[in-house]
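Starting from the structure of chain A, add chain B with the ligands where the hints point.
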Amino acid sequence: MNIVVPIKQIPNLTDELEINGDGTGLDHDALQYVLNEFDEHAIEEAVLAKEAAGGTVTVIGVDTTGELDGALHTALAKGADKAARITGDFPRGTDSHTQAKLLANAIRSLSPDLVLTGVQAADDRDGQIGPMIAAHLGLPYVGVVTGVAVKDGKAIVHKEYAGGLMGEFEVSLPMVVGVQAAHQPPRYAPVSKVRQIAKTAKIDEIAGDEAAGAGSTVRRMFKPEAAGHAEMWEGGPEEVAEKIAALIKEKGLLKG
Amino acid sequence: MLTSFEKLIFILMVAVFGGLTAWGFYQIYRIIRRGRPAARFTHVIPQTVKALLEVGLQKPMYKSRPILTTFHALIFFGFSYYILVNVNDLLEGFLPGYSTAEVSAGIIGLLNLLGDVLSIGVLVGVAAFLVRRFIAKDKRLEYNKDVLLLPGVAQGGIKRDSLIVGLFILCHVGSRFTGQALRLAEMGATNPAQPFAGALSLLLRALPPSAFAPAIHASWWIAIGLIVVFLPYFIISKHVHIMAAPLNLALAKQAERGRLDPATSPTNGQGQALPLPGAATLADLAWPRLMDAYACIMCNRCQDVCPAHNSMRPLSPSALEINKRYWLNANFNAFAGGASSPPLTEWAISPEAVWACTTCYACVRVCPVGNEPMADIIDLRRRLVNDGAELDSGVQSTLEKIGKTGNSFGQAARNRAKWAASLDFKIKDVRKEPAEFLWFVGDYASFDARVQEITRTVARVLKSAGVDFGILYEAEKNSGNDVRRVGEEGLFEQLAEQNVAAMSKCTFERVITTDPHTLNALKNEYPDYGGKWETIHYTRLLAQLIDAGKLQLQHKLSHYRVTFHDPCYLGRYNNGFNPPRALIRAAGCEFVEMPRNKENSYCCGAGGGQIWMGSTPVGERPAENRIREALAALDPSADGAGGNAKRLLFVVSCPKDVVMYSDAVKTTGNEGKIEVRDIIQLIAEAMGEGRLLTSNHKPQNAIPA
Ligand code: SF4
Ligand code: SF4
Chain A
1 MNIVVPIKQI PNLTDELEIN GDGTGLDHDA LQYVLNEFDE HAIEEAVLAK
51 EAAGGTVTVI GVDTTGELDG ALHTALAKGA DKAARITGDF PRGTDSHTQA
101 KLLANAIRSL SPDLVLTGVQ AADDRDGQIG PMIAAHLGLP YVGVVTGVAV
151 KDGKAIVHKE YAGGLMGEFE VSLPMVVGVQ AAHQPPRYAP VSKVRQIAKT
201 AKIDEIAGDE AAGAGSTVRR MFKPEAAGHA EMWEGGPEEV AEKIAALIKE
251 KGLLKG
Chain B
1 MLTSFEKLIF ILMVAVFGGL TAWGFYQIYR IIRRGRPAAR FTHVIPQTVK
51 ALLEVGLQKP MYKSRPILTT FHALIFFGFS YYILVNVNDL LEGFLPGYST
101 AEVSAGIIGL LNLLGDVLSI GVLVGVAAFL VRRFIAKDKR LEYNKDVLLL
151 PGVAQGGIKR DSLIVGLFIL CHVGSRFTGQ ALRLAEMGAT NPAQPFAGAL
201 SLLLRALPPS AFAPAIHASW WIAIGLIVVF LPYFIISKHV HIMAAPLNLA
251 LAKQAERGRL DPATSPTNGQ GQALPLPGAA TLADLAWPRL MDAYACIMCN
301 RCQDVCPAHN SMRPLSPSAL EINKRYWLNA NFNAFAGGAS SPPLTEWAIS
351 PEAVWACTTC YACVRVCPVG NEPMADIIDL RRRLVNDGAE LDSGVQSTLE
401 KIGKTGNSFG QAARNRAKWA ASLDFKIKDV RKEPAEFLWF VGDYASFDAR
451 VQEITRTVAR VLKSAGVDFG ILYEAEKNSG NDVRRVGEEG LFEQLAEQNV
501 AAMSKCTFER VITTDPHTLN ALKNEYPDYG GKWETIHYTR LLAQLIDAGK
551 LQLQHKLSHY RVTFHDPCYL GRYNNGFNPP RALIRAAGCE FVEMPRNKEN
601 SYCCGAGGGQ IWMGSTPVGE RPAENRIREA LAALDPSADG AGGNAKRLLF
651 VVSCPKDVVM YSDAVKTTGN EGKIEVRDII QLIAEAMGEG RLLTSNHKPQ
701 NAIPA
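Taken in order, these protein sequences are the chains called A and B. So the first sequence is residues 1 to 256, counted in my numbering. So the second sequence is residues 1 to 705, counted in my numbering.
Okay, chain A solo, but in the shape it has when bound:
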């Protein structure tokens, strides 16, 4: 079975985020980039699926930071078999439409049985990469998945709904899955292994088409602005009830 995991790097959220000069995005150069947490789960789920059903795991990403190799080496240390980097002039924060197109083009040539990617990422929160890859490749997509089991050319996927409801889907392969959480916490990659791999591993390079796509543009990005403040009422229930009634009257919501 051929499992492909598209990944991307996003700003480290424990950093203090700064807005760039134009006020249209983050000041990417001041930020440290780390692997998207949901992609970490996608890698774990892929390695678990491989361990259960055999196959190979290929991890692939668009190199927007010049530091993607670190993430790829870590994925290899966790049990992925191959790694590929899409190269080209793609700056930090490249939008999800462009990345999805680039990834889809590259993944097509890998003829995957299963594509597992993080259901969303904290940078744009649009959750589009998975569905768009599926659309470009003409494959079925299920998102917010918390577990994948592969059997006889089919995948059983568990999807989490709001309110704790679970759905179980049987989907014919190939398909694309947006992973919410792997069914085990992502494993730790010991640094000695990562360093060993960094010395020996070969990462395939795929040249990306620079005019691959266009996504949405951000008109304005800003830090939360305080808008008014809450007033706390103290006192017994009677007292507070009276104050509420008075306020409702005052606002003209109650007659008499």
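Heads up, a few of these hints could be off.
Claimed, not checked - DSS-like mimics (lysine-lysine), calculated; alpha carbons at most 27 Å apart, straight line:
1. 59/B to 7/B
2. 193/A to 401/B
3. 59/B to 202/A
4. 223/A to 401/B
5. 223/A to 418/B
6. 556/B to 532/B
7. 404/B to 223/A
8. 253/B to 63/B
9. 463/B to 550/B
10. 673/B to 646/B
Read the hints as simulated data drawn from the structure, not as lab findings.
Structure of chain B with the ligands alone, referenced to chain A:
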């Protein structure tokens, strides 16, 4: 004395049992050789002399349990002396007409006197041990509920072994002693050189004369014949410690306590695959660790001092050694012949126990036979980490944070020196200008909001004393001391390399650290990575400054009664016992030692990565136990009567201790009774605010919540 037939039997016995024993020792040698190579054969001769002297004086044993050790010393002296006695007994048995029982003069007289007195010593000592184990049922010989024990151990194997050994000694020494009394009785003689045997002989004179000869023969056989029979039992008994322990001490580790043994054995590098780090099975351990199992006398002294054990966690360092030994007994030939053991975590120590160790070194320090259970635990962690075993989520996320950001708080590197922003002087950037001291601040001192004010106080005191110092700003990374001790060898190496690279570019003379853990890594482990600087803890520097008159303390803080907690990595690991005490004295506080101090200090429970883990023990947390100990020592009730109540302080000198103990004061409900202070706060207060160069901060007496 012996008949020819008896002589023949004896010689045959020596041949058979001696041969069996020799074969057994050869197998033990093969077993120990199964361990991975370790560099231990340096200074063997001085080390052996030292070990023999120390054993002779029973020094390693007097580290704890002084009363029981005195009983042991009685047995030890008697038993050692019995080598001479037994040679004489052999001569008596084999040389016709040779008899010494009645001799009271000359060298033989002296030998008799010593033999007589020491025999009583051995009998008293063994009786005391048997009473303690079987009648008083000393609790210290038991294990916590969930400690992993091999069936043989759980079913009372140690008790049985102890009983056999105890009875053997009683028979051997008792019978030899009685033999002497019988001889004297037979002759109707008294011997001032054998006062005790002489006294017994008076009673034995009542025996019919015909009984003496057979009784004397029997006593000889029970004394001397028994040793021969017992020799092969040594191989499977804990009593083999009489040989293995001195050997273990002679070959004990001579490197700094704080420098861990390498995670893999040195290879010759000839195209071999890289060996896996640490240990999964018995043969992965370094050979001295296999010898530990043979040296172990199963006394549980290591367990007594173990903070994990005392907080009811399922870890017992002694159970680990004992399990190893029992497994080896059960798989003696197979393992000697090359069979491998199942993973240690299945039978020697549970994974929970492996992760409960604080790496406080107390077990290694106290062990009278030079064992290092902690080294096994760290090797197990190394392999678990390497194999991608499921880690404690706190440990995993901290390691990931350190890997990504270089600090355990997961903060951006550029925030590292933010604590210094509110000082009204700028600390030198040692990357840009030379300084006499490079101050390696450490993660907790830099990032933890509860500790930052203390870090600023260190800076202000140093500045006021005219110390020329600088820091690395964002180039400093976690020192890796605790990273290495949770078993993440690769990350430790990476951090050490990065820090050494950053420091190598700077010009400075010495390094000071605030954090004892950092001190340990820089001082003892960085030299292996090219970082060869003199590194000292800030308490040492301050004590030096006071001695040199460069730091003057204006006020005497005699209104404080204080005790001091030795942090494991400052005290036991790096011998930093005196400077903090000198500082407390210089500040004029009334000082009281806790019962467990210096080498015996009790871990706060944070080390070895515990501070990153979420789990709390079933029993009393080590830090809480320590606060109670401090309160008892400081005795608050002694105050108040005269109306001059002193404030009680628990003084620390490690940023993690500030956090651990402030918390423990709260959880034990002792707020208002005792306060936690870093030593630097005492110094700042004694200097007087006027003498502190910068004044934009009030002296911070209480720990900020
Ligand atoms: S190092 Fe400390 S915590 Fe670890 S086993 Fe030894 S005594 Fe216990
Ligand atoms: S390891 Fe040392 S201290 Fe612990 S039980 Fe064995 S001999 Fe005693």
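Sort out whether residue 401/B lies within 27 Å of residue 193/A, counting only the CA atoms.
Given that 27 Å is the threshold and the Cα spacing comes to 17 Å, the pair holds.
Pair hint residue 253/B and residue 63/B, alpha-carbon separation not exceeding 27 Å:
holds (18 Å)
Against the 27 Å threshold, does the CA-CA distance of residue 59/B and residue 202/A hold or violate the hint?
violated (58 Å)
Given the hint that residue 463/B pairs with residue 550/B, test it: the Cα-Cα distance must not exceed 27 Å.
Holds, at roughly 11 Å.
Hint check: residue 556/B vs residue 532/B, CA-CA at most 27 Å. Holds or violated?
Violated, because 39 Å separates the two Cα atoms, which is more than 27 Å.
Checking one constraint from the list: CA of residue 404/B to CA of residue 223/A, max 27 Å. Satisfied?
It holds: about 25 Å lies between the C-alpha atoms, which stays within 27 Å.
Pair hint residue 223/A and residue 401/B, alpha-carbon separation not exceeding 27 Å:
Between residue 223/A and residue 401/B the Cα gap is close to 25 Å, so the pair holds against 27 Å.
What's the verdict on residue 673/B and residue 646/B, does the C-alpha distance respect the 27 Å limit or exceed it?
holds (10 Å)
27 Å Cα cutoff - pair residue 59/B, residue 7/B:
violated (41 Å)
With a cut-off of 27 Å on the C-alpha distance, tell me whether residue 223/A and residue 418/B pass.
Holds, because 22 Å separates the two Cα atoms, which is no more than 27 Å.
Of the hints listed earlier, those the structure fails to meet are numbers 1, 3 and 6, in rising order.
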